[in-house]
Amino acid sequence: MSLLGRQVAVAGIGYSDLSRGDAPDPRMLTLQSCHAAIADAGIAATDIDGIFEYLHADRESPRTMWLQRVLGIPNLNAYADLFATGPSGLGPPMAAVAAVGSGVCEMAIAYRTLPQREGNNGGIAAPPTSLAGPEQFTGVYGHTAGILANYALKKRRRMHEFGTPAQDYGQIALSARRWAALNERAVQRAPLTMEDYLSSRTIIDPLLLLDCDYPVNGSCAVIVTTAERAADLPGTPVLVDAMAWGTGAGADFVFADDLLYGGSIDCSRRIWELSDYTVADLDLAGIYDGFTHLPISWIEALGVCGFGEFGDWVDDGRSIGPGGVLPLNTSGGMLAEGRVQGIGLLAEAVEQLRGDCGARQVPDAHVAVVAGGGSNDCGALVVHSG
Amino acid sequence: MTGPITQPVPKPAPEPDEVSLPYWTAAREGRLVVQRCTSCGKAQFPPDLLCRYCQQPDPPFVGIDGRGTIYTFAIYTRSFSPAFEVPYALALVTLDACPEVRMMTNIVEADLAELAIGDAVEVTFEKRGDWALPQFRPAQGAGA
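Note that the protein sequences, when read in sequence, are chains X and D. According to this note's numbering, the stretch in the first sequence is residues 1 to 386, in order. According to this note's numbering, the stretch in the second sequence is residues 387 to 530, in order.
Hints were generated in silico from the structure; no laboratory data involved. Please note: incorrect hints may appear among the correct ones.
[Stated by the list, open to error] Using 20 Å as the maximum straight-line C-alpha spacing, the simulated EDC-like pairs for lysine to aspartate or glutamate come out as follows:
1) K428(D) <-> D257(X)
2) K428(D) <-> D252(X)
3) K428(D) <-> D266(X)
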């Protein structure tokens with residue numbers, strides 16, 4: 001606990017219903033997750049003096065001011081609506097940790113609300129007649145559904161550079177389903193075979209459908225406060241040991257110096273400098289699996305195994321599955337529990353470290369890393385049970 | 387949902403700004419240029435207000451050899467935009483004369499099934515509205 005002015009805890013977590021096919025009001029989803037997190041922490045809404053959220057479109061998530069108003073919170077000492085920058089759903093809790101740790105606020109709520117329709121990148125749109133700004137160097141080449149193309153470009157480069165077979169990517173997808181089968185909240189619980197993975201539809205070659213996470217209507221919220229304050233609450237707090245953002249050199253989604261790892265290497269170096277723990281202490285990991293490439297590159301960046309060695313290390317999926325050396329995304333992650341862009345992995349780490357995970361509980365779990373982003377948008381936290 | 391596309395939809399043209407205007411002007415004249423810093427000697431892309439390696443302002447645009455190497459590529463087999471007919475290859479190409487420069491491009495005039503990372507490519511130019519885009523195609527024979 002060397003980085004923060006005050007010791008910080010995650011004191012509560014909450015989910016909305018996770019669903020597909022319907023179209024619930026994002027405000028309702030947000031209220032569900034925030035009410036659940038407030039109840040889980042055992043606080044009153046009016047104890048909250050900081051609100052943080054992330055959005056990447058226009059209307060998918062209600063803003064912090066709306067939440068303040070409807071919860072009857074008289075004033076906020078800190079808030080931010082993080083727009084399409086940083087480690088997406090992990091951004092709000094990280095901002096909350098920084099705000100509480102520095103003393104700017106005392107009790108923050110952080111949420112990510114993402115309706116299924118905003119989680120789809122496959123819409124067909126007529127292009128404008130001209131493209132300005134960064135798109136004059138990308139969009140003019142048909143860099144459409146850009147995030148999908150980026151992960152197709154990364155996947156092919158990694159396969160070339162390290163001789164990675166497509167099956168290595170499949171291990172991430174298969175493992176997500178193995179864990180999701182143990183998680184009643186997960187939306188996609190059907191088991192998956194390697195044949196299913198390899199024969200799934202091509203999105204942008206070589207990116208397959210089952211490389212991509214599973215869009216749902218969902219919201220997830222966490223309560224962040226000081227460890228001192230959390231100690232007086234009824235629940236079991238989980239403490240933040242270390243936290244780091246990372247962008248990498250030449251930060252850019254397309255033109256960054258390091259296409260494969262983005263800022264994850266710098267972020268990992270920093271978090272291990274700050275942490276009281278080492279990679280050997282990890283009992284589980286929650287790594288944003290918006291695309292299967294991400295956990296693979298993070299596992300290497302964090303030093304769990306060497307660069308290019310994920311395929312050997314993962315041991316046909318055993319290393320990351322139930323009973324493995326590093327259980328990964330034990331909720332099923334974004335690939336199978338459902339896409340709330342990473343904040344769910346923090347909530348899951350908290351549940352694991354509290355010992356509340358039932359059938360999917362990792363025995364004696366005390367230390368977890370949670371990480372997200374794979375380009376110039378990286379962020380990570382080490383959390384522990386104290 | 388929209389119905390079948392009956393009118394051809396034009397591909398978007400670049401919209402140059404104050405910084406990028408020399409790049410697009412050169413491309414329209416069939417020349418590939420990049421910014422190369424007179425202080426540290428490094429090239430950069432996309433163009434910017436200063437050299438990102440040493441912060442020297444206004445790095446000048448210089449003509450650069452149009453030979454490159456495919457760094458990675460992706461093939462669109464379903465359309466996300468009516469302007470771009472599938473299949474097409476979107477690639478990142480490094481310039482042989484300054485490997486620190488990685489450009490986004492299509493690989494044109496190519497058998498997409500035969501493309502591979504490491505392939506030698508060369509620049510060509512595609513008219514786009516009032517402007518022209520640098521594009522890359524497989525290098526034409528040995529020593530091209």
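Hints and how they fare:
no. : hint                : result
1   : K428(D) <-> D257(X) : holds, 14 Å
2   : K428(D) <-> D252(X) : holds, 18 Å
3   : K428(D) <-> D266(X) : violated, 23 Å
Of the numbered hints stated above, the single one contradicted by the structure is hint 3.
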